[in-house]
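K.L.:
Each chain, letter by letter, is given below.
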Amino acid sequence: MYILEIENVSKVYGTFSALENISFKIDAGDFVGLLGVNGAGKTTLISAISGINHFSGTIKVAGYDVITQEKLAKLSLGVVPQEIAFDPFLNVYQTLKFQSGLYGVQKNKEWIYEIMERMYLSDKANVKTKALSGGMKRRLMVAQALVHKPQVLILDEPTAGVDVEIRKNLWDFIKELNKKGHTILLTSHYLDEVEELCHKIIMIDKGKLVTQKTKADFISANEQLPTIVEIETQDGKFSDNLQSMIVNRIDNTYQLRLENNDQLLFVLNCLNAIEAKILNLNLNKPNLEDVFISYLKR
Amino acid sequence: MSPFFVLIRKETYRFLTVPVQTIFGPMVTAFLYQLIFGSQFQHAQGSNVGFEYNTFLVPGLVMLQVLSNSFANSSSSIIQSKYTGNLVFILMAPLTAIELYGAYLISSIIRGILSGMAVFICIAWFGNLTWPHSWATVCYFLIFGSAITGGLGVIAGILSTKFDHLAASQTFVFTPLVYLAGVFYNVDNIKIPSLQIIAKLDPFLYVVDGFRHGLIHSFNSDVVFSIWFVGLFAVLINFIGYLLMRSGVNMKH
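Heads up: the protein sequence lines correspond to chains A and B, in order.
1 is the number of the first residue of the first sequence in the numbering used here; add one for each residue after it.
1 is the number of the first residue of the second sequence in the numbering used here; add one for each residue after it.
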């Protein structure tokens with residue numbers, strides 16, 4: 001079953017086309033990364049799914065049309081917006097309690113305390129939201145999106161301004177939710193996070209869908225991308241035949257750019273020919289970031 | 001409790017957390033008006049309001065605060081939510097436009113009436129008041145009067161994209177209309193006919209006069225006309241407000 005269906009979604013601001021006929025579907029329980037540079041249309045698309053943006057086309061959440069079955073669609077959805085948002089009149093606990101009520105959820109005190117604990121906000125329960133730091137406000141927004149245990153959770157750069165340790169714990173929590181069946185759609189500029197967490201990648205650029213693939217396919221489809229090999233030799237001894245391939249040198253360690261994997265044998269033969277003793281060798285396969293950049297260059 | 005009632009509760013809680021601004025402030029303002037104007041005009045020639053001036057002034061000042069506070073509630077809540085970004089959490093919640101609109105409106109009416117009651121307690125003893133002439137009329141004009149300004153507050157909040165816009169609508173449109181609506185004087189006493197006609201075009205005049213009639217049995221305007229006019233005007237304003245809320249103008253992109 002598809003939990004999120006986007007069909008021919010377009011959005012125009014005056015003469016600027018922010019989204020152009022975007023279509024994709026997400027399976028229930030999937031963990032999907034939505035990638036694109038700033039201004040690619042990610043937030044516009046998320047706003048359309050959330051019901052805070054007018055658009056043309058069709059969007060369904062858990063089978064419910066976000067226009068004609070707005071209430072049911074919204075009940076299935078939790079969204080962490082990109083911009084920091086807070087109600088200055090409420091404290092942390094009240095924010096989550098009122099947020100629960102807005103989704104018709106009552107008597108969920110235990111769940112509220114659990115998400116406050118998982119978001120490291122327990123000691124701030126009675127603190128007014130306006131007194132929280134930027135990172136705390138962002139964690140509160142994640143908690144707000146989770147109060148009604150939505151089937152689909154959309155995270156629009158949820159870790160911006162959040163420190164490393166709490167970020168790791170946040171992702172552990174999100175992974176747990178995903179394992180319990182919640183579908184996650186994530187945008188982040190931390191591509192290592194996306195690479196670690198997501199099973200599927202959807203990439204948009206200039207309002208258009210560029211590609212949608214499983215993460216493995218996304219990366220393997222780009223094996224022609226250059227591989228970087230790091231070689232440390234004794235006394236820095238190196239073959240002149242390899243000079244054109246060197247991209248960097250730090251002390252006795254050389255970084256070489258291989259256009260294909262066959263070149264590795266050539267490198268080893270050259271070093272063997274001059275009897276260079278190899279102390280360390282690391283092969284860096286293209287990662288998500290390399291693939292992402294290569295797509296942008298096309 | 002349904003999401004609709006939760007939003008009403010949230011909006012009501014919001015103004016109750018700042019009682020100095022929303023309850024005690026209006027009490028002090030009304031007390032000062034009553035003290036200064038009452039003492040100055042109680043025995044002045046030409047006040048000609050048909051009652052002791054202090055008695056005449058009490059319902060006017062109560063309604064002034066009812067109207068001002070219900071306007072302030074919805075307008076400030078919406079513009080503040082836009083600024084803090086919190087509006088997205090309201091818009092993303094499973095509430096229809098009519099529920100959203102209704103919640104803002106009802107909480108504005110609640111604030112208007114609570115402020116009015118607080119002001120009444122504070123200044124009633126200045127006047128020579130007895131049991132209200134008509135409780136039904138008093139309640140009608142309290143509810144429909146604050147519904148008009150609560151609705152206008154929603155409209156102002158939606159249309160304003162800056163605090164400046166809201167301040168402008170309040171300073172140049174709303175406040176003059178409310179202050180000139182016979183709060184402090186009887187519009188029939190205006191000597192210049194053209195000005196009197198203009199004064200009688202002020203819709204808040206009928207709210208103030210209707211409420212005054214219910215409270216002290218005064219006859220500045222035709223009560224039946226006031227009831228119809230205020231009721232229909234409230235429906236019209238709130239229908240426009242609802243259409244704006246549904247369209248999402250300045251709220252959705």
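Hint data in this document are derived by calculation from the structure and do not stem from the laboratory.
One should not assume that every hint holds.
Under the rule of at most 20 Å between Cα atoms (straight-line distance), these lysine to any residue pairs were calculated in the SDA-like manner [claimed, not checked]: (1) A:LYS71 / B:TYR242; (2) A:LYS137 / B:GLY85; (3) A:LYS180 / A:GLY134; (4) A:LYS130 / B:TYR242.
Treat the numbers as computed from the prediction; the structure is a model and nothing was measured.
K.L.:
Does the structure break any of the earlier hints, and which numbers would those be?
P.N.:
Per hint list: 3, 4 violated.
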